[in-house]
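Could you slot chain B onto chain A? The hints should help.
There are 2 protein chains.
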Amino acid sequence: MKIKLPKGFKANGMHCGLKKKRKDLALFYSVKPAKCAALFTSNLVKAAPVVFCQKQLAKTNCIRAIIANSGNANCMTGERGLKDAKRMAKEVAREMHLSEKTVLVSSTGVIGRLMNMDPVIKGIPHLVKGLSEEGIIEAAEGIMTTDRFYKISSRTLNVKGKKVTIVGVAKGAGMINPNMATMLAYIMTDVNISEKALRKALTAVNEDSFNAITVDGDMSTNDTVVLLANGAADNRMVTEKGHDFENFVKQLGHVMSEIADMIVRDGEGATKFVEVTVKGARSFKTAKKGAKAIANSVLMKCAVHGGDPNWGRVASSIGSSGIKFDPNKMDVVLDGVVFLKNGRFVDPSAEKKKYVFKDSDVSIEVNLHQGDKDACVHSCDISKKYIAINSYYTT
Amino acid sequence: MKIKLPKGFKANGMHCGLKKKRKDLALFYSVKPAKCAALFTSNLVKAAPVVFCQKQLAKTNCIRAIIANSGNANCMTGERGLKDAKRMAKEVAREMHLSEKTVLVSSTGVIGRLMNMDPVIKGIPHLVKGLSEEGIIEAAEGIMTTDRFYKISSRTLNVKGKKVTIVGVAKGAGMINPNMATMLAYIMTDVNISEKALRKALTAVNEDSFNAITVDGDMSTNDTVVLLANGAADNRMVTEKGHDFENFVKQLGHVMSEIADMIVRDGEGATKFVEVTVKGARSFKTAKKGAKAIANSVLMKCAVHGGDPNWGRVASSIGSSGIKFDPNKMDVVLDGVVFLKNGRFVDPSAEKKKYVFKDSDVSIEVNLHQGDKDACVHSCDISKKYIAINSYYTT
Numbered sequence: 065m066k067i068k069l070p071k072g073f074k075a076n077g078m079h080c081g082l083k084k085k086r087k088d089l090a091l092f093y094s095v096k097p098a099k100c101a102a103l104f105t106s107n108l109v110k111a112a113p114v115v116f117c118q119k120q121l122a123k124t125n126c127i128r129a130i131i132a133n134s135g136n137a138n139c140m141t142g143e144r145g146l147k148d149a150k151r152m153a154k155e156v157a158r159e160m161h162l163s164e165k166t167v168l169v170s171s172t173g174v175i176g177r178l179m180n181m182d183p184v185i186k187g188i189p190h191l192v193k194g195l196s197e198e199g200i201i202e203a204a205e206g207i208m209t210t211d212r213f214y215k216i217s218s219r220t221l222n223v224k225g226k227k228v229t230i231v232g233v234a235k236g237a238g239m240i241n242p243n244m245a246t247m248l249a250y251i252m253t254d255v256n257i258s259e260k261a262l263r264k265a266l267t268a269v270n271e272d273s274f275n276a277i278t279v280d281g282d283m284s285t286n287d288t289v290v291l292l293a294n295g296a297a298d299n300r301m302v303t304e305k306g307h308d309f310e311n312f313v314k315q316l317g318h319v320m321s322e323i324a325d326m327i328v329r330d331g332e333g334a335t336k337f338v339e340v341t342v343k344g345a346r347s348f349k350t351a352k353k354g355a356k357a358i359a360n361s362v363l364m365k366c367a368v369h370g371g372d373p374n375w376g377r378v379a380s381s382i383g384s385s386g387i388k389f390d391p392n393k394m395d396v397v398l399d400g401v402v403f404l405k406n407g408r409f410v411d412p413s414a415e416k417k418k419y420v421f422k423d424s425d426v427s428i429e430v431n432l433h434q435g436d437k438d439a440c441v442h443s444c445d446i447s448k449k450y451i452a453i454n455s456y457y458t459t
Numbered sequence: 065m066k067i068k069l070p071k072g073f074k075a076n077g078m079h080c081g082l083k084k085k086r087k088d089l090a091l092f093y094s095v096k097p098a099k100c101a102a103l104f105t106s107n108l109v110k111a112a113p114v115v116f117c118q119k120q121l122a123k124t125n126c127i128r129a130i131i132a133n134s135g136n137a138n139c140m141t142g143e144r145g146l147k148d149a150k151r152m153a154k155e156v157a158r159e160m161h162l163s164e165k166t167v168l169v170s171s172t173g174v175i176g177r178l179m180n181m182d183p184v185i186k187g188i189p190h191l192v193k194g195l196s197e198e199g200i201i202e203a204a205e206g207i208m209t210t211d212r213f214y215k216i217s218s219r220t221l222n223v224k225g226k227k228v229t230i231v232g233v234a235k236g237a238g239m240i241n242p243n244m245a246t247m248l249a250y251i252m253t254d255v256n257i258s259e260k261a262l263r264k265a266l267t268a269v270n271e272d273s274f275n276a277i278t279v280d281g282d283m284s285t286n287d288t289v290v291l292l293a294n295g296a297a298d299n300r301m302v303t304e305k306g307h308d309f310e311n312f313v314k315q316l317g318h319v320m321s322e323i324a325d326m327i328v329r330d331g332e333g334a335t336k337f338v339e340v341t342v343k344g345a346r347s348f349k350t351a352k353k354g355a356k357a358i359a360n361s362v363l364m365k366c367a368v369h370g371g372d373p374n375w376g377r378v379a380s381s382i383g384s385s386g387i388k389f390d391p392n393k394m395d396v397v398l399d400g401v402v403f404l405k406n407g408r409f410v411d412p413s414a415e416k417k418k419y420v421f422k423d424s425d426v427s428i429e430v431n432l433h434q435g436d437k438d439a440c441v442h443s444c445d446i447s448k449k450y451i452a453i454n455s456y457y458t459t
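For the protein sequence lines, the chains are A and B, in the order given. Numbering-wise, our numbering comes out as the position in the first sequence, counting from 1, plus 64. Numbering-wise, our numbering comes out as the position in the second sequence, counting from 1, plus 64.
Careful: at least some of the hints might be erroneous.
Which copy is meant is left open, because identical chains are indistinguishable; a pair holds if it fits in one copy or across any two.
[What the hints assert, rightly or not] Derived DSBU-like pairs (lysine-lysine); straight-line CA-CA distance at most 35 Å:
#1 LYS165 / LYS405
#2 LYS422 / LYS119
#3 LYS314 / LYS260
#4 LYS186 / LYS353
#5 LYS260 / LYS85
#6 LYS186 / LYS393
What the hints contain is simulated information worked out from the structure, not anything from laboratory work.
So here's chain A without its partners, still in its complex pose (with noise of 0.2 Å):
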C-alpha cells in the first residue's frame, strides 16, 4: 500500500552510508513555501541541529525543506558540529535553488561522535532526485534507528468544501536505549491556516500525543516535532476559532497520537502498553504530573511486565509524586478491577485478580475526588530484554 502525502509535499529516503545497511538519510519537501511550527526539546544539552533549527526559526517561519539523518546524533559537537548541520542545509539548497534559511536539519543516533559528512554530501543529490508524493515510507525508513517499524498515520477532512490531508510520520524506539531513541517527528498538511492558529493547534495537540508518552523519564538531546502546512489544498483560511479549527485539532490529535502511541508499542523489550489515567483532580497540570509519576515507575513497569496487580506501588508512586490530593479519598483501579475505594482497600475476587495485567494492552485508572480535571498518559512494561538491550549498547 503506498501513502500520498499532502497536496505539494514530496519525500523521500535513502542508505548514504552513515549506518552498514539500512536507510540513513530522509528528505521532507514542499512544493510551495509552508508555514512551520516547531517543538524542540527542553534537555539542556541540546544536540546541534536542534540549536540550529532553533535560529532557522527565529528568522522566517516559511519551510521548504528539512533534511534528516540517523546513525548520528550530532549532539554534544561543539562548533564542529553547528557548522555540520548548517552544511546539510546549505547542500540541500544548493541542490534545490532554495534559500537556506528555508532548510531545518534533524539528527537522530550516538551522541558525541563528529559527523561522517561525506557519504551525506553524496547522497544529497541522489536523495533529491528521487523525491516523490509516495516518498513517506522511505523517508520515515531513513530516520528509523532501532526502531522495528516505522511510523505513519494520516487523515483527511474537509474544510468548507475542501479536501485536507494531514500526514504525520515519526521515529523513536520506545523503551530501547534513548540515547538512540530520539522521538523526531514530522507532520505534513496542505490546509490553508494562519500562523498563530498553526501553533495554536500544534501545542495543544502536541500536550496530548508526544506529551503524553512516557517511556522511561528521559528526555533526548534531539527531540523535535515540526508541523508544515502548505495551504495547498486551496481552502479558504482556517483561523484559531470556530469549527475549522476544531475539527483540524481533532484530525491531528488522531495523526499525532497514532504515532506516538506507535513510538510506545515500538519498544524493544516492551511487552504491554499501558495506559494511566489520573481523574478527579484540581487542575490538568496535577492530573498529569500525577499520571506520569505512576508511568514512570519502574516498580509499576516491573508489576505490569508480570501481570501483578500490585496496586499499593500505584498508591505509592502518586504519593510521591509531589502533588497534593487526600489519600483516604484515592480509588485505584486497575483492568476496570477495583482495588482502592475511598483510601480503602477492597479486596476483590482471586477471579477477578486473575485477570487484571494479563493483556497486552493494560489500564491504571485512579481517582483524587478533588475536582474535575482528567489526565491520561500513555507508558508501556520494561522486561528483562530491556536490561539485556540497553547494558551492551555501546560496547
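Frame of chain A; chain B shown alone:
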C-alpha cells in the same frame, strides 16, 4: 561477635507469626528517657505508624521504647490501621510499665492489608522479657523484609573524657520491591546532648547519608529515621556548637552513612555500587539534584550493569534534570577516565575504556565548572534479576 548497645539501651527481636519463619518483631528500649529527633517519609501516602509517631512526637520528646514489625506495612488501612498502631504502643507500655506517650511504632511490609494483631500482642511479653544489651542483632533481624543481611554500624568517641557510643541499625533492601523495602533506621547513643543539637545533627547527617542514597526514585510510605540520645555516658552536655558537637556529627555521619550504603549494597539484583558526584555547581541543592537525576536514570543503571562507558547518558540525564548549567563547560569522568572535557568528547584509548564500569564499585563524576559546591549520591545498577524479582511479587 556481639555488638554492644550504648549504655542504658537494650534491644530484642523475635518471630511472632506475622511471617512464616523469619523474625518479624523488634523492640528498642532506653532505660532512662531519651531525647528524640526523627524524620519521616514525605510521601503523601503515609502508613499508620508514621502518622502515629508524628502525633506522639508533637506532644513529647522523651522516648523510652520503639516497637517495630516486619511483614505488614500497616499502610492504607484507614482508622483501623491507626488503632492497631496505637494498640502496639499501648501493649508495650503496659508490659513495661511506661507511659504510652513514650513509645514509638514502625511497620514494614505489604501495603493495604490489615494487621494481624494477635501474634503481635501475644509476642510482646516475650519480646520484653528477652531485652538485652546485646540484643541488637536480634532486633535488626526483626525488622528485615527482603534484606539479605542485617545492617548495623557503631562508633565510639570521647567527649570531655567520657566514652560515648553510637549504634545504628537499619533495614531496606535496595532495589528490591520498595513496597516492602521501606527504609527504617534507629540510631541510639548514650551521649548527653541538648535537644537542639540533637535535631541539628540528625538533619545535617541525614542529608549526606539516607538522603544521599537512591534506589529507584520511589519513596516508601513508611520511611522512618529515629535518633535517640539517653545521656547515660554522663558527659558534659554537648550543645550545637564547638568541637564536641562537630566530632559527634562526624561519628554519627559514619554510622548513618555505613548503614545507608549497606542498603544500596543489599539490592537483590544489584551487582554494582555507584558513586555519583556532581562538582562545581552554584549550590549544594543544584549539585544534589543533578547527581540524583544521573543516579536514578534507568539507562545509566543499565550502562553500569553492562560495563558500558556510555557517557552520553550521563550528559543527557543531567541535561534534563531541571538544573541550569552550560553544557559546553561540562566534564564527565567515568571511573577516573575523562570522556568529556569542556563539553567536548575526549576519546580515551581503548585500553583505558576497557576498565570503566567493570568493578563492583564504580564512579561517575561530573564537573559543571559553575561554582564550588559539590554533592555525592550513592546508587546501584539494575539487572535482569531486579525485573524478575519485581515482576512477580504479590502474586
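Here's how the hints hold up against the structure:
Proximity of LYS165 to LYS405 under the C-alpha cut-off of 35 Å is restricted to the inter-copy arrangement: shortest distance 33 Å between copies versus 58 Å within a copy. In this homomeric assembly, LYS422 and LYS119 never come within 35 Å of each other (Cα to Cα): the closest approach is 48 Å inside a single copy and 42 Å across copies. Only within a single protomer do LYS314 and LYS260 lie at most 35 Å apart by alpha-carbon distance; the minimum there is 17 Å, versus 60 Å between protomers. In this assembly of identical chains, the alpha carbons of LYS186 and LYS353 never lie at most 35 Å apart, being 46 Å within a copy and 45 Å across copies at closest.
In this assembly of identical chains, LYS260 and LYS85 lie within 35 Å of each other by CA distance neither inside one copy nor across copies; the values are 42 Å within and 68 Å between. Only between protomers do LYS186 and LYS393 lie at most 35 Å apart by alpha-carbon distance; the minimum there is 34 Å, versus 63 Å within a single protomer.
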